[in-house]
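As they're listed, the protein sequences go chains P and W.
The first sequence runs contiguously to residue 276 in the numbering used here.
The second sequence runs contiguously to residue 337 in the numbering used here.
Think of the hints as simulated: they come from the structure by calculation, not from any bench.
Here the structure is a predicted model, which is why all the values come from computation and not from measurement.
Heads up, some of the hints might be wrong.
To be verified - Calculated lysine-lysine pairs in the DSSO-like style (CA-CA distance at most 27 Å, straight line): (1) K191(P) - K328(W); (2) K256(P) - K130(W); (3) K147(P) - K144(W); (4) K157(W) - K90(P); (5) K274(W) - K136(P); (6) K139(P) - K191(W); (7) K184(P) - K130(W); (8) K157(W) - K211(P); (9) K141(W) - K64(P); (10) K141(W) - K136(P); (11) K141(W) - K69(P); (12) K184(P) - K256(P); (13) K130(W) - K64(P); (14) K136(P) - K294(W); (15) K88(P) - K157(W); (16) K191(W) - K90(P); (17) K69(P) - K144(W); (18) K130(W) - K181(P); (19) K191(W) - K88(P).
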Amino acid sequence: MKKLALFTIILLIFGTISPSLVNHAYGQNDPGILLRIATHADNQIVNQLNGVYGNEIPNNIKILYQKGHFAVESLDESLSNNNIEKAKQDFLLAMNSFMQISRTIFQSSEKVVVVTVSEKSNQSISSEIDRLEKYVKSLENISKKYDIDVESDFIKIHDLIQELRAEINNVNEVHAGIKKIKVLLDSIKNDIRESASKQSNAIKDFFEKFLIQIDQKLLEAKNLGRDEVEITKADQLILEIRELLSKNQINSAKILYSELEIVLKNIGISVKIT
Amino acid sequence: MISLIEPIQSKNSLGDDGILFVRNDSIFDTMIKTPLLVASMIIVAALLPIQSSFSSPRDLDLIIYPDGTTHVSTEIEIDPFLTDYELNLFGNTIDNFVVIGNDEFLLDTDIIDDTALIQTFGFSVLKIEYDIHDLVSKQGKLWTFSLDSPSDFKLLLPQNSAIVGMTNLPINMEIVNDQNQLTLSSGKTEIDYFFSTSTNPIPDTKTEIDYFSYVIVGVIIVIILIGFTIFVRSKQKNSNSIEQIPTSQKNVISNIETIFKLKPDLREDDKELVKFIFNNGGEALESELRKKFLQPRTTMWRAVKRLEREGVIEIEKKDLQNLVKLRKSMEEEK
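Model the full assembly from the supplied sequences, consistent with the hints where possible.
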């Protein structure tokens, strides 16, 4: 039984320290990924080299490519030999060589490859609309938790997004549409905040605990003979904050709290509860 | 004189006023069912690493859009006693910034350069989302993603993007909606990519077996098995040290047929019991017999009593259980 108890204690210790082991080990999860990425990059570099230089690859790039390609081969071998540390080094060497090659290729071919303005804008605008839609959806999800009448606004926004997608080539029109949507979203955000502040007991509870602590610290400050004018000012602000909280005016309470923070600093009171 | 030869155990058990004290070691052992307790501890200990490894203090997910803008979503735990929290952003060109506290509570924020001041007021978990334009730069057709991340993160690259350079070791890679999603470790990372219509996502690793997870589970199973083996062995040792009879009995009762010849009137099911006990080294716990023959407690008890009456077996108490043993004197009777 003693042995068993000892074994259990060892197991418990293992259980306690193993999360760090697990995290460390996760860093070595499936080293095969390294080979797949490196091989893929190697192929892409070969395609680019053929496309840009054909048979006339400059010597410096040839040398870099050979370095990278050999590193990929070495990576394959290291993985076969289960030498993970060597595989990591090979991977970084290969990817570094390919990085240098691609930077050289694309810098030198910048003049040759023309990216048309309309293509660039379309891609950029489409991405911007995608992100905006994501933002809208996230606000829509939040708004569902609160009792606010913004459903019609969201319908309007979704319709506008559809219109923007249809008119993606008309850059000016799209930008104007995006601005319109952002104004609507700002208004919705304010509505959510206002409604949320009314419903939140968590913030009120937090304020109440906090104000009790500050009351005590002000008393101590009085006893220590600190600036009485500032202490009276702080007491007054606390009263006002409590009144606002009782009326559910959280945002106004927050603004007054910022003022209180400055007064407390003047008195020399730390505002962080520990 | 009498007191001199009094057994030590009796001495300890009797108080000055004649009150009988009972040694409570074995009672304590039995009452709390130590094996059960130890088994529970083993299970708890084995589950601890799994439970802990599942919990993550911080998530960071990034999505690179085709125009190079990156969407950042992160979840962080903060001190609930703070009135505000200063979050370092990954740059200063930020759009669509949203911070949600516990219970989907939208929090007030103020962004100054690359810092966001979030009024947390008692919230302990913050979900933060924003778009940032500073993480990806472009040189010709080549795009470069750069980030110095404080934690491990997931990065979803745009569709049709081909990675041609990387300065960090990827932890994992998956295909999500035909896009490569890399899991990268904390620290500085630079990834070069370009768009190519001929680019296919790098083959998925999701379908491959996660050998490491299997190794962890395997190790835990092996540890449990070792523990169980130690437990069983220690139990056997105990029984051996207490009772040395089985080995000697095994030597005495050499032939099962002799027993059946001596007791020709034994029932067939009783004979099966005797055979089992004989093959088990001449003894077996009543509970083992019940398990082996799938008999209820009372039925097995009657069978054992019957065999005892026939003089085939004898019953001894061992750890509050009935130990059924073939009688040593059986062969002598012939």
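Checklist entry - Looking back at the numbered hints, which does the structure fail to meet, lowest number first? => result Those not satisfied are hints 1, 3, 5, 6, 8, 13 and 14.
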